[in-house]
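Protein sequence lines, in the order shown, are assigned to chains V and G.
Numbered by our numbering, the letters in the first sequence go through residues 171 to 367 in order.
Numbered by our numbering, the letters in the second sequence go through residues 171 to 367 in order.
There's no promise every hint is true.
[What the hints assert, rightly or not] Computed list of chain V residues with no C-beta within reach of chain G, every gap over 12 Å:
hint: 1; residue: Pro-175
hint: 2; residue: Pro-188
hint: 3; residue: Val-190
hint: 4; residue: Cys-227
hint: 5; residue: Pro-283
hint: 6; residue: Gly-288
hint: 7; residue: Glu-308
hint: 8; residue: Val-310
hint: 9; residue: Tyr-351
hint: 10; residue: Asp-353
hint: 11; residue: Thr-356
hint: 12; residue: Ala-360
[Said to hold, decoys possible] One side only, chain V facing chain G, incomplete, derived with CB under 7 Å:
hint: 13; residue: Ser-174
hint: 14; residue: His-200
hint: 15; residue: Ala-210
hint: 16; residue: Leu-355
hint: 17; residue: Val-357
It should be emphasised that the hints constitute simulated quantities derived from the structure, not laboratory data.
Quantities reported herein were computed from a predicted structural model and do not represent experimental measurements.
We put the beta carbon where it would ideally sit given N, CA and C, even for glycine.
Protein chains: 2
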Amino acid sequence: MDWSPAVETLVRELSRLPGVGRRSASRLAHHLLRCPEEQARALALSIQESRDKVRPCQCCGNYAEAELCPLCRDPRRDHGIVLVVEKPSDISAFESTGRYRGVYHVLGALLSPLDGIGPDRLNLAALRSRMEGGAVREVVLATPASTEGDATALYIQRFIPSGTSLTRLARGLPVGGELEYSDSLTVLRAYEGRIPA
Amino acid sequence: MDWSPAVETLVRELSRLPGVGRRSASRLAHHLLRCPEEQARALALSIQESRDKVRPCQCCGNYAEAELCPLCRDPRRDHGIVLVVEKPSDISAFESTGRYRGVYHVLGALLSPLDGIGPDRLNLAALRSRMEGGAVREVVLATPASTEGDATALYIQRFIPSGTSLTRLARGLPVGGELEYSDSLTVLRAYEGRIPA
Numbered sequence: 171m172d173w174s175p176a177v178e179t180l181v182r183e184l185s186r187l188p189g190v191g192r193r194s195a196s197r198l199a200h201h202l203l204r205c206p207e208e209q210a211r212a213l214a215l216s217i218q219e220s221r222d223k224v225r226p227c228q229c230c231g232n233y234a235e236a237e238l239c240p241l242c243r244d245p246r247r248d249h250g251i252v253l254v255v256e257k258p259s260d261i262s263a264f265e266s267t268g269r270y271r272g273v274y275h276v277l278g279a280l281l282s283p284l285d286g287i288g289p290d291r292l293n294l295a296a297l298r299s300r301m302e303g304g305a306v307r308e309v310v311l312a313t314p315a316s317t318e319g320d321a322t323a324l325y326i327q328r329f330i331p332s333g334t335s336l337t338r339l340a341r342g343l344p345v346g347g348e349l350e351y352s353d354s355l356t357v358l359r360a361y362e363g364r365i366p367a
Numbered sequence: 171m172d173w174s175p176a177v178e179t180l181v182r183e184l185s186r187l188p189g190v191g192r193r194s195a196s197r198l199a200h201h202l203l204r205c206p207e208e209q210a211r212a213l214a215l216s217i218q219e220s221r222d223k224v225r226p227c228q229c230c231g232n233y234a235e236a237e238l239c240p241l242c243r244d245p246r247r248d249h250g251i252v253l254v255v256e257k258p259s260d261i262s263a264f265e266s267t268g269r270y271r272g273v274y275h276v277l278g279a280l281l282s283p284l285d286g287i288g289p290d291r292l293n294l295a296a297l298r299s300r301m302e303g304g305a306v307r308e309v310v311l312a313t314p315a316s317t318e319g320d321a322t323a324l325y326i327q328r329f330i331p332s333g334t335s336l337t338r339l340a341r342g343l344p345v346g347g348e349l350e351y352s353d354s355l356t357v358l359r360a361y362e363g364r365i366p367a
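Isolated chain V (complex conformation) (with noise of 0.2 Å):
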């Protein structure tokens, strides 16, 4: 479409978010020209807004509108549980449930040294002063059961102190998921992990 210099400005910048290639950003882009024009307008400013207003929390690193996000300001959670995850979407999972109260911690990315994070480019110095307060009684390692979780977990558990009990997620059978169509992993994990009856 390069008879229209914005529209294939348009493609270009939508082709490069992940997962849309060359041909989904055109229709993306032609829909963006077809719908109501306020549908449009809306998608652009909520795109300038969120980075104008979302920063990461101080304390935990999740997205945040304050210095603070509101589950790290809000009083009636327990801030001496907290749940480390590799993302802030990861967070969603666990409020979903109802039922966890604690806090977060967001690390923002996993190591992996292949592809050169270092665990600089981890969320971990604001990690390590929430332990020196002491206030912290447990820290769940929630981490992605892949390498690179594994190894985020095991790079954690380093300096973590000796006082503060250390979890991880439970591995096993899924809720519904049949033996059958389980992968081995999984079913030896669920194994492992057996608990009394």
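Mind docking chain G on chain V? Use the hints.
Just chain G now, kept in the frame of chain V:
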């Protein structure tokens, strides 16, 4: 992510894009918050600029940034042949062949009575007035091979003057397409439209 209204708004606006569900919208939002700031702002700006600058070509309905699109303004193109397509992105397919030298007409939609899309929603008035000039020798119908595409082609045939030749794109096996993997309708069309060897 109801703890940041700006992020929540961004996810909601992204999920209004076609083919983007709540989960993809959340992933895209996460990307837009973490990517270099210039990249996010460039996307927002390109959405706004495309809505500011792009309008339908007064002659053919293609994307234009002036009264006429560059194709309709180009004196080297053959304005006696008009290829009728559904949407501006269909033009790319013909331009990429590098061989078509006529001009286009973009309908903007296809007839679909079930969806309430009647002739008044299509860019047909402009097509009629192009026909009235008498300078058009041939109209090529390139609407898709679907119920809506065929209905639209039939509708257009009714008002093409008898002096203007009217053609449709050939249906048949795609280049490189193998018989055993083709659907039966395509094979039938290829047989019906067989040409002297």
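task = Please flag the earlier hints that this structure goes against, numbers listed from lowest up.
result = 1, 2, 3, 4, 16 and 17
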